[in-house]
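K.L.:
Residue-level listing of the chains:
Number of protein chains: 6
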Amino acid sequence: MFAVEVRDHMMIAHSLKREVFGPAQGLHGATFVVDAAFFTQDLDDDGLGIDIGLATQVLGDVLKPLNYQNLDDLAMFAGKVTTTEVLAKHLFDAIAAKIAAGELGPGSGRIEKLRITLHESHVARAWYEGAL
Amino acid sequence: MFAVEVRDHMMIAHSLKREVFGPAQGLHGATFVVDAAFFTQDLDDDGLGIDIGLATQVLGDVLKPLNYQNLDDLAMFAGKVTTTEVLAKHLFDAIAAKIAAGELGPGSGRIEKLRITLHESHVARAWYEGAL
Amino acid sequence: MFAVEVRDHMMIAHSLKREVFGPAQGLHGATFVVDAAFFTQDLDDDGLGIDIGLATQVLGDVLKPLNYQNLDDLAMFAGKVTTTEVLAKHLFDAIAAKIAAGELGPGSGRIEKLRITLHESHVARAWYEGAL
Amino acid sequence: MFAVEVRDHMMIAHSLKREVFGPAQGLHGATFVVDAAFFTQDLDDDGLGIDIGLATQVLGDVLKPLNYQNLDDLAMFAGKVTTTEVLAKHLFDAIAAKIAAGELGPGSGRIEKLRITLHESHVARAWYEGAL
Amino acid sequence: MFAVEVRDHMMIAHSLKREVFGPAQGLHGATFVVDAAFFTQDLDDDGLGIDIGLATQVLGDVLKPLNYQNLDDLAMFAGKVTTTEVLAKHLFDAIAAKIAAGELGPGSGRIEKLRITLHESHVARAWYEGAL
Amino acid sequence: MFAVEVRDHMMIAHSLKREVFGPAQGLHGATFVVDAAFFTQDLDDDGLGIDIGLATQVLGDVLKPLNYQNLDDLAMFAGKVTTTEVLAKHLFDAIAAKIAAGELGPGSGRIEKLRITLHESHVARAWYEGAL
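Residue numbers (my numbering), protein chains in the order written: chain A, 1 to 132; chain B, 133 to 264; chain C, 265 to 396; chain D, 397 to 528; chain E, 529 to 660; chain F, 661 to 792.
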């Protein structure tokens, strides 16, 4: 199986208002360096799994509404705890929707699996991976 | 599938006393930067795959008996060759035991898979991944 | 499952002569930092998945005919577009052939899976992974 | 000249309320991976520039009041814009004060220079370096 | 002294046609991950050494004429050997000219020193640093 | 000023037998990823600060007598504590001697400064930098 992975990042504020989070219950923030990996069984006639330019564009597009935001204020996260895992799944769903809409180009339908990894520091990261 | 991965390290001495290891048959050592990845199908009500604080604690706990040691002197490795692969499996088993004992918190039972990666230099690493 | 991964690199010129590649249609180049991961179910009596020295040797051997070359001039890529994905598959096939020929030592037959990752920059990479 | 450098991190929220910051004027956040480098002309009788354990302790101590905070709420930053550069200087001053107080051990007086680097993403960082 | 450093990259082909370069005499290529560090003695009223957005813009601007090119074909390098060092100096001069032209904003005049680092692989890099 | 930096590594055992080292007093070990940076004011007619091939060769040569060794057993370190700083200075002296002997080629005399960095983990490193 082939995979193409591109990287971008976002810088957000949020609070994790549950007892389990200890000091992270207060308003703080994070840089998330985000990797999006697109998996295909085959390559197209141009030797591509996906168009890396479109992949980079789509990753930037889904990060844009979150970047430089306080996630506590965003309607899309109302009632949710915006842990790294939850954000990975949110970005997975957002990119999956764009793939379904054909925004990864003619090869969109070939993408079988997607993995979104969020690096939150030099010692911790989380990811969500799923079939499409 | 979700995964949460945390990082720590240990600095050990050992010798690999088999002919295949060439110069590594003598007493030498390594820094192993160790990643532990915990895989779950779902998140709990707090939006967590696992509690990253407990994950970091447990990784530190299993590294502690090895860190700053000469592995050749440790009873737990008697008769074994402490290659990077063997150490990855050793740490996998040690963390798996802690998961079974509930040390990863109420969500311990949700962990389906575990991967332990040991980076031994900028050009070599090894890992062991298995279901729980 | 165990894995051992080693790293090397190559520096090549090429052109990607299809419209989809935009500015990359012209002659340009890349450094590819290449990781080769060898997967086995078990370890041998020496505690090895594979011999890491042989793995490094074999990776260097398959990179050698490409390193410092203009890929457009190589017969092995005639009629092909040498995308990162295509190169990952090319190196996969080349190492798989060496495994089949026993060049990974007596444990060659134990290798069940292989993954070749090419890092083309700090923001993009691709890989091919397959069973042997 | 010798240098010893240690790494830790902090996760903070803040807003940069000046027109020049564009979208970063709103409340957002960052993970800062922080390196502290301690420079000495000589080593002590134990072969040390500084005690790396104390260095790590002191770095953690100065990060603690900022970690998991909204910097906009902290009295120490009242009237300041908490850019990466300002934070680098803040941490420099905080560690310099601890060095002056002898918290780096008997060798504190030997430290001639200090550099604090804040990595805010995979593509941007800032530092402040000064004599003591 | 303060520094702000930003990162980008370029992918180029070239040949190094002198005997000393051995196999690199032929046409090959490289990805250069490029860091540009801007040094100032002080910060402005907004807490900035330089505007990081402008820094990123200017770095992208000087890379653009080289990116996806065969450097052997560019008039600006006629009669030159485009080693990593030569390219570091070329980019230094190009950014220094933009600083002199005020393209780093009102704070351009405050920049005292500049360093351009080119990472050509995971094991080699070169840089040029100079006063302005 | 120009710099060219190359990377290699060594894996050693040692003990740090002074009270200040706590648990590191016992026999343990480390992987040191080693960077050697060579500084020159000018480039030669081939556009080189130094010959990167020779730099890599010389770095490998000075690491060889230490790699896969127990430093406690080496005569060259008798009576010394082999801290990261001491090892940085040892490697500095060894490479400086080779530069003095002309082993960096005809441009050896142009090297004005040398810096040796030892990365001992993902969170700690030390270096020695000096004029030649």
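Derived from the structure by calculation, the hints contain no laboratory data. Worth double-checking, as some hints may not be accurate.
[As the list claims (entries may be wrong)] Residues on chain F that point at chain B, a partial pick, calculated with CB under 8 Å:
hint, residue
1, ILE672
2, ARG678
3, VAL680
4, LEU687
5, GLN717
6, PRO725
7, PHE737
8, HIS750
9, SER768
10, GLU780
11, ALA791
[Unchecked claim] Subject to a maximum C-alpha distance of 30 Å in a straight line, what follows is the list of computed DSSO-like cross-link-like pairs (lysine-lysine):
hint, chain 1, residue 1, chain 2, residue 2
12, E, LYS545, F, LYS677
13, A, LYS64, C, LYS344
14, D, LYS485, F, LYS677
[Stated by the list, open to error] Footprint (simulated), chain B over chain C, 3 or more residues, beta carbon under 8 Å:
hint, stretch
15, 286-295
16, 315-329
17, 375-382
Cβ atoms here follow ideal geometry from the backbone N, Cα and C, with glycine treated the same way.
K.L.:
Are the hints correct? Go through all of them and say.
P.N.:
Outcome of the hint check:
1. ILE672: 5 Å, holds
2. ARG678: Cβ of ARG678(F) sits 14 Å from chain B, so the hint is violated.
3. VAL680: Interface hint status for VAL680(F): violated (14 Å vs cutoff 8 Å).
4. LEU687: Result: holds, 4 Å to nearest chain B Cβ.
5. GLN717: 17 Å, violated
6. PRO725: 11 Å, violated
7. PHE737: The hint is violated - PHE737(F) has no Cβ within 8 Å of chain B, the shortest such distance being about 14 Å.
8. HIS750: 17 Å, violated
9. SER768: Status violated, d = 27 Å.
10. GLU780: Nearest chain B Cβ about 6 Å off; hint holds.
11. ALA791: 28 Å, violated
12. LYS545(E) - LYS677(F): With Cα atoms ~53 Å apart, LYS545(E) and LYS677(F) exceed 30 Å; violated.
13. LYS64(A) - LYS344(C): Status violated; Cα separation ~36 Å.
14. LYS485(D) - LYS677(F): Distance ~37 Å between LYS485(D) and LYS677(F) Cα, so the pair is violated.
15. 286-295: Violated - the stretch 286-295 of chain C has 0 residues with a Cβ nearer than 8 Å to chain B, which falls short of three.
16. 315-329: It holds, with 4 qualifying residues against the three required.
17. 375-382: It is violated: at least three residues are needed, and the stretch 375-382 of chain C offers just 0 whose Cβ sits closer than 8 Å to chain B.
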